[in-house]
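2 protein chains.
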Amino acid sequence: MKITIFPLRNFPLINPGDSLTEIIVEELRKIDLQNRDIIVIAHTILSKSENKVYDLNLITPSPFALQIGRMQGKDPRKIEVILRESSEIIRMNEKVLITATHHGFICANSGIDKSNTPGDTVISLPDDPDFSARQIRDEIKEKLHKNVAVIISDTFGRPLRVGTVNFAIGLAGINSLEDIRGKTDLFGYELRSTIIARVDEVAAAAGIVMGQADEGTPVIIVRGVDYSINDNSARELIREPENDVFR
Amino acid sequence: MKITIFPLRNFPLINPGDSLTEIIVEELRKIDLQNRDIIVIAHTILSKSENKVYDLNLITPSPFALQIGRMQGKDPRKIEVILRESSEIIRMNEKVLITATHHGFICANSGIDKSNTPGDTVISLPDDPDFSARQIRDEIKEKLHKNVAVIISDTFGRPLRVGTVNFAIGLAGINSLEDIRGKTDLFGYELRSTIIARVDEVAAAAGIVMGQADEGTPVIIVRGVDYSINDNSARELIREPENDVFR
Chain A
564 MKITIFPLRN
574 FPLINPGDSL
584 TEIIVEELRK
594 IDLQNRDIIV
604 IAHTILSKSE
614 NKVYDLNLIT
624 PSPFALQIGR
634 MQGKDPRKIE
644 VILRESSEII
654 RMNEKVLITA
664 THHGFICANS
674 GIDKSNTPGD
684 TVISLPDDPD
694 FSARQIRDEI
704 KEKLHKNVAV
714 IISDTFGRPL
724 RVGTVNFAIG
734 LAGINSLEDI
744 RGKTDLFGYE
754 LRSTIIARVD
764 EVAAAAGIVM
774 GQADEGTPVI
784 IVRGVDYSIN
794 DNSARELIRE
804 PENDVFR
Chain B
564 MKITIFPLRN
574 FPLINPGDSL
584 TEIIVEELRK
594 IDLQNRDIIV
604 IAHTILSKSE
614 NKVYDLNLIT
624 PSPFALQIGR
634 MQGKDPRKIE
644 VILRESSEII
654 RMNEKVLITA
664 THHGFICANS
674 GIDKSNTPGD
684 TVISLPDDPD
694 FSARQIRDEI
704 KEKLHKNVAV
714 IISDTFGRPL
724 RVGTVNFAIG
734 LAGINSLEDI
744 RGKTDLFGYE
754 LRSTIIARVD
764 EVAAAAGIVM
774 GQADEGTPVI
784 IVRGVDYSIN
794 DNSARELIRE
804 PENDVFR
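Taken in sequence, the protein lines are chains A and B. Numbered according to my numbering, the first sequence spans residues 564 to 810. Numbered according to my numbering, the second sequence spans residues 564 to 810.
So that you can see chain A by itself, here it is in the shape it has in the complex (with noise of 0.2 Å):
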């Protein structure tokens, strides 16, 4: 197996309102897409084509909001926007603010980014990534005849380990995790306990070229991994509270 990854090179600024889909349709007219690419797409552009942007002077903080920035010396504009774009507070200190979005994901500040956007304004994550990925997918079939799978991704910090990687937050016609379970190895054993997250491994490899400064790469093509398709979700990468002794 070789692998080849790749960004769609000048991919234009989204702004709120801009159908994605069409756009990025349109760019990969530009290159030789084949079956089986995967399209790895930086949540942002998809969270700016939805409109999911807050202006900061049209937020009022609700008193617990106050308290919070207060404590971590944050905008507590911000921090009303990442109480409401949660559905639960997991972990909360004066550095940091982990909560569960409503579709599930744990991450810092509900997802909420700042860079990237104009004014002072931040940006959420996607409504239903999901949705969005196979939404995209559906129409490269239609328009480009070429069946291909899509990652939204956005960065995460991690517990245990420090610094950031590229994850999957939503997926379409690529498996979200790989069994190998019952599969063996090299001297015949099964392997008993391993299901492997390849989207994930698919997204970070993505996020080594779409970068998060300055480079304008939010749309990757990783191409030649051997995948499984399957019509699930990115949810079933976010572990049950009941099955997570972290949690």
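One should not assume that every hint holds.
With beta-carbon atoms standing in for the labels, derived distance ranges [as the list claims (entries may be wrong)]:
{"no.": "1", "chain 1": "B", "residue 1": "Asn578", "chain 2": "A", "residue 2": "Arg592", "range": "47 to 55 Å"}
{"no.": "2", "chain 1": "A", "residue 1": "Leu629", "chain 2": "B", "residue 2": "Gln698", "range": "51 to 59 Å"}
{"no.": "3", "chain 1": "B", "residue 1": "Lys565", "chain 2": "A", "residue 2": "Asn598", "range": "17 to 25 Å"}
{"no.": "4", "chain 1": "A", "residue 1": "Asp794", "chain 2": "B", "residue 2": "Pro575", "range": "37 to 45 Å"}
{"no.": "5", "chain 1": "B", "residue 1": "Phe694", "chain 2": "A", "residue 2": "Ser582", "range": "52 to 60 Å"}
Because the hints were derived from the structure by calculation, they are not lab data. C-beta: ideal position from N, C-alpha, C; glycine also.
Given the coordinates of chain A, assemble chain B onto it according to the supplied hints.
Chain B only, in chain A's frame:
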């Protein structure tokens, strides 16, 4: 940036006592190795070359190991090895045993692996993956006159998310973390809290090709990554307990 990822094909089986460094150098002679290539190595072959193999028939489980074995329905001799390879039990219940290893890595079963070893044996993590990575890197420089980076990897389960992902446990010639604080985003905003675990993204990318069952491809070349060279350590990827709200 275009990245390519490919395995060293037909890599020989490693036996206890083999010089992994020599074997890797010989195998790398067969490809067109380039400066700045990153060599990602599955820790299992390093462990084997270091003879980090426990014959379970020679292990007498302690009363505590017997107790955990009964609770989890697992071989108490394997539990004994897990405990010997640990410095601290982080979480434990009827299903999981998560420990800190002597290196400080927090992983299921101290990273003890049943698979891909012959007979009634298990293998543990290598003694000092950073040291071995540096040794391999230096030997490649001396023998093949190429400046490469080396990453020793293992698959980790993760809090909050389902499925394993390949991450770095040892490294040489590449920054463990890429600190992009101070860089500006597309709109000139300063990114404030983004430290990227680039080596984990690279290890995850290699994991896609490495496989875990009977692929027999424990050495992967990742080419084209734009990384900073620095002689630091995978230990910097371990979150200090006092900074970890999930520990």
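Checked hints:
no.: 1; hint: B:Asn578 to A:Arg592: 47 to 55 Å; result: holds, 52 Å
no.: 2; hint: A:Leu629 to B:Gln698: 51 to 59 Å; result: holds, 55 Å
no.: 3; hint: B:Lys565 to A:Asn598: 17 to 25 Å; result: holds, 20 Å
no.: 4; hint: A:Asp794 to B:Pro575: 37 to 45 Å; result: holds, 41 Å
no.: 5; hint: B:Phe694 to A:Ser582: 52 to 60 Å; result: holds, 53 Å
Hint check: no violations occur; every hint is consistent with the structure.
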